[in-house]
Amino acid sequence: MRLEVDGAPLDVTPQPGQVLRTLLREHGVTSVKKGCDAGDCGACTVLVDQVPVHSCITPAHRLDGSTVTTAAGLGTPEHPHPVQRAFAEAPGFQCGFCTAGFVVTASTLTEDDLADRHRKLKGNLCRCTGYRAIEDALDGVVNTTCAAPGAAIGTSVAAPAARRIVSGSEEYTLDVPDGLLSGSDDGLRRTQALLHLAVLGSPHPHARIRSIDTVAAEALPGVHAVLTYRDDPGVLFSTGRHESRLDDPDDTRVLDRVLRFRGQRVAAVVADSVRIAEQACALVHVDYEVLDSVHDPDAARRPGAPLLHGDKTTAEHRIGEPARNVVASLHGGTGDVETALSASAATVDGVWTTGRVSHAALETHATRGWVDPDGRLVLRTATQVPFLVRDEIARVFSLDPAGVRVVAKRVGGGFGGKQELLTEDLVTLAVLRTGRTVQFEFSRRDEFTVAPTRHPMRVRVRLGADADGTLTALHVDQTMDTGAYGNHGIGVMFHSVSESVAVYRCPVKRVDAESVYTNNLPSGAFRGYGLGQVVFAIESAMDDLARELGIDPVELRRRNVVVPGDPLVVTDPHEQSDLRWEGSYGLDQCLDLVEDALAGPLPEVPRMDGPELSGPGLDHAADWAFGTGMALAAIATMPPRGHHAHTSVELLPGGRYRIGVGTAEFGNGTTTVHTQLVATALGTTPDRVDVHQSDTDAARHDTGAFGSAGVVVAGRALYAAAQALRDDLTARALALVAARTPRTASGVLGPAVVVEPEGVRVGAELVGHAELLAEGPLIAHASHDGTPRSLAFTVHGARVAVHRPTGEVRVLQSVQAVDAGTVLNPEQLRGQVEGGAAQAIGSTLYEEVLLDATGRVTTDAFRSYRVPKISDVPRTQVLFADTHDPLGPLGAKSMSEAPYNPVAPAVANAVRDAIGIRPYRLPMTRDRVWALLADATDGGGA
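Positions 17 to 958 (our numbering) are the ones given, in order, by the sequence shown.
Think of the hints as simulated: they come from the structure by calculation, not from any bench. A couple of the hints might just be wrong.
For lysine to aspartate or glutamate, the following DMTMM-like pairs were computed, each having C-alpha atoms within a straight-line distance of at most 25 Å [as the list claims (entries may be wrong)]: (1) K138 with D248; (2) K138 with D128; (3) K136 with E620; (4) K328 with D248; (5) K138 with E591; (6) K328 with D263; (7) K138 with E824; (8) K136 with E824; (9) K136 with D888; (10) K328 with D407; (11) K136 with D56; (12) K138 with E151; (13) K138 with D266; (14) K138 with D943; (15) K138 with D888; (16) K138 with D155; (17) K136 with E151; (18) K328 with D266; (19) K328 with D314; (20) K138 with E620; (21) K138 with D407.
Based on the sequences and whatever the hints tell you, model everything.
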């Protein structure tokens with residue numbers, strides 16, 4: 017059949033049952049993205065005869081004679097469609113993976129449609145922005161600007177990739193058409209004879225493979241290899257990646273004979289197509305010995321419980337207590353907590369629980385691997401940590417790290433979920449076995465059933481205070497379910513009870529925390545890295561303590577938060593730490609800013625689905641209860657124990673600069689800030705800075721983009737490299753001028769040497785770039801080791817309405833004040849805070865990965881796992897404290913993870929204020945809030 021795609025004819029023969037999305041991508045149309053393949057997210061939206069459709073559920077065979085328009089057909093980076101220009105200038109994106117679909121849908125909206133935008137855009141999800149920037153794009157609001165030479169800091173410069181993103185031409189991981197492509201100079205598009213990989217997952221939560229028969233699968237035409245535990249390289253590792261691999265337990269194999277959760281790899285098939293590989297998986301015959309399983313962390317620690325890793329040891333594998341299923345534990349404190357609590361004028365004691373949360377990044381985990389002409393293994397993969405992936409792949413497969421190249425193109429969202437090694441190992445095994453190019457792409461179901469989630473926690477908090485509100489005792493007893501494997505199970509546990517406890521001044525503290533193995537799907541790194549769960553409990557308890565004492569919640573916190581000069585105590589007041597105040601402290605300002613905002617008028621509340629906020633005024637609306645809450649959080653500006661970045665800046669012909677940095681871009685905005693820092697140091701504009709990033713060939717080393725380190729570590733290193741290059745430029749220019757003008761050598765011209773966009777001006781004379789480079793290359797290097805670290809603070813405030821008949825909670829006002837130091841890019845920072853708050857509202861009110869009693873995930877699609885839509889979240893008002901951190905580049909602090917952490921307790925405290933009942937469990941879904949109200953009505957209490 018024939019159709020027209022983006023103005024060009026396309027003659028195709030669809031496969032039986034094929035959908036339009038896969039047909040388009042098979043023919044090189046990579047502007048169409050895969051987010052769900054179920055019609056739920058809108059990333060694949062195209063126009064069919066000018067009508068927007070989800071191409072992932074549109075049968076291809078019905079489109080004979082149709083005209084198909086993708087984002088690439090609407091406009092180009094050079095000549096964008098008006099809607100594309102608006103999305104670039106707003107900017108209505110962060111990672112940008114959803115943007116092509118949004119742009120296509122938005123291109124069809126009329127003025128009347130814009131008034132009903134929340135319904136018209138229900139089919140398009142964004143995980144990053146919080147939607148305000150997308151609405152600004154729809155309204156034609158321009159939030160970006162151009163920077164003057166040397167003055168990029170403090171301006172809302174647009175992302176270098178903005179116009180490529182909105183036109184669908186920015187490359188993500190798998191945006192490379194199949195087959196041999198020539199003419200590329202980076203070696204990353206020359207892939208031929210592509211094979212695909214599919215996985216047979218375990219049907220049992222705990223089992224041992226007695227035998228496995230792959231003969232029938234291997235005989236299927238198109239199958240090239242069937243991989244099982246017999247092909248495992250025999251090296252234990254962890255999928256969680258850190259600068260030191262010793263931070264995580266060695267408890268995982270590429271393919272294991274013992275299966276510890278439903279969906280764990282049993283076999284992997286490599287075939288000519290995904291369809292053939294999946295068919296072959298069904299032909300693999302496995303005889304399982306089903307083992308007892310345990311799914312509750314309390315039960316897992318009891319004597320006689322099934323042991324998940326009882327064959328491993330503490331000394332060799334870094335597992336705390338294998339005989340108790342305990343990955344790691346912390347038990348300690350200062351003072352006698354029981355005595356202090358009994359002597360307190362007021363006490364609070366409660367147990368808070370949080371559920372599993374999916375990262376729900378719209379680009380799923382994916383890797384394409386091959387061997388390049390030089391014999392190097394190349395992995396093009398969706399990762400936040402390319403260097404750490406390279407090093408572990410080399411270790412597991414006994415390869416020379418120099419013989420492995422790992423590259424991350426733009427990544428479609430991360431949130432910690434891509435600080436894992438989930439697809440790269442199987443692809444490596446398949447490439448080494450077949451010698452061919454192999455691709456492995458998670459489905460959306462895989463993301464819910466196999467990929468790690470946020471750690472579920474149960475947190476008991478006991479607080480005591482004297483009559484004037486001064487804290488006397490704080491006890492945190494935390495248990496977390498790390499699932500079947502301990503990736504991040506150690507780090508998350510320790511981090512969860514660090515800043516959350518240290519932020520309060522209290523003479524007596526105790527922490528009891530344990531990270532526990534169960535036969536549930538693994539947990540992993542998630543935005544906030546455990547702080548959000550414990551902050552939810554502590555800040556809820558602080559609110560209840562304020563009520564017990566009759567003290568305003570903001571005032572109670574003012575009296576007890578740490579201030580400069582205070583030690584940061586978790587369990588040991590004498591513990592040595594590289595956390596420093598260095599004169600940068602904005603928590604007091606943040607408290608004031610949020611308090612003032614909550615005292616002001618209520619913002620306009622957008623129309624949402626569900627019951628109307630009815631009545632003569634909001635305070636008297638029938639069936640609705642209204643409340644106000646707030647909470648605070650602290651977080652270190654970078655991860656502990658070192659976070660390294662080696663960078664370079666080079667002058668290119670024509671006055672452009674090329675930076676080499678290992679940090680990945682996945683919506684964190686580091687690429688934009690990196691160009692701003694370099695342009696500022698070198699007296700040029702960001703558009704003259706080319707970026708070579710997230711490639712193990714781009715820099716000597718980079719720990720990776722996690723822990724909000726992209727700006728404060730890699731950015732600081734880049735700024736230092738740019739300053740060093742500036743010094744080299746001025747020195748060479750002075751030498752050149754001095755050779756022509758001897759007086760210069762005696763200093764007559766003095767300090768009048770300025771680096772400009774067109775060269776270096778020495779007095780009245782401009783030394784151009786060509787003359788500077790004629791003397792040889794000009795390149796400078798610098799690095800940063802991530803220490804010492806500073807603290808960043810966030811305070812969130814919320815006003816909510818609770819619908820008594822249904823339990824629905826609506827956030828009417830969301831405001832967050834942040835202590836981010838020098839604001840390098842105001843619009844981008846605002847977007848990070850809005851996106852973090854929106855993601856937190858999702859896990860506070862809607863999102864939970866649910867498991868049945870046998871560990872089976874029952875929420876395995878977006879339609880059963882509710883990521884907030886444009887109609888679900890309010891605009892978050894973002895306020896900046898006025899601080900300057902000498903430890904960060906030009907005074908900046910990190911602010912990617914921090915906005916997430918205080919939101920849940922702020923909303924929970926507002927719900928408590930509204931209905932008079934304390935919610936103890938997240939998410940606060942309608943049925944749970946309704947049950948709280950019903951229990952109270954029936955006399956059951958909270």
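Against the structure, test the hints numbered earlier, and report the numbers of the ones violated in rising order. Per hint list: 1, 5, 13, 21 violated.
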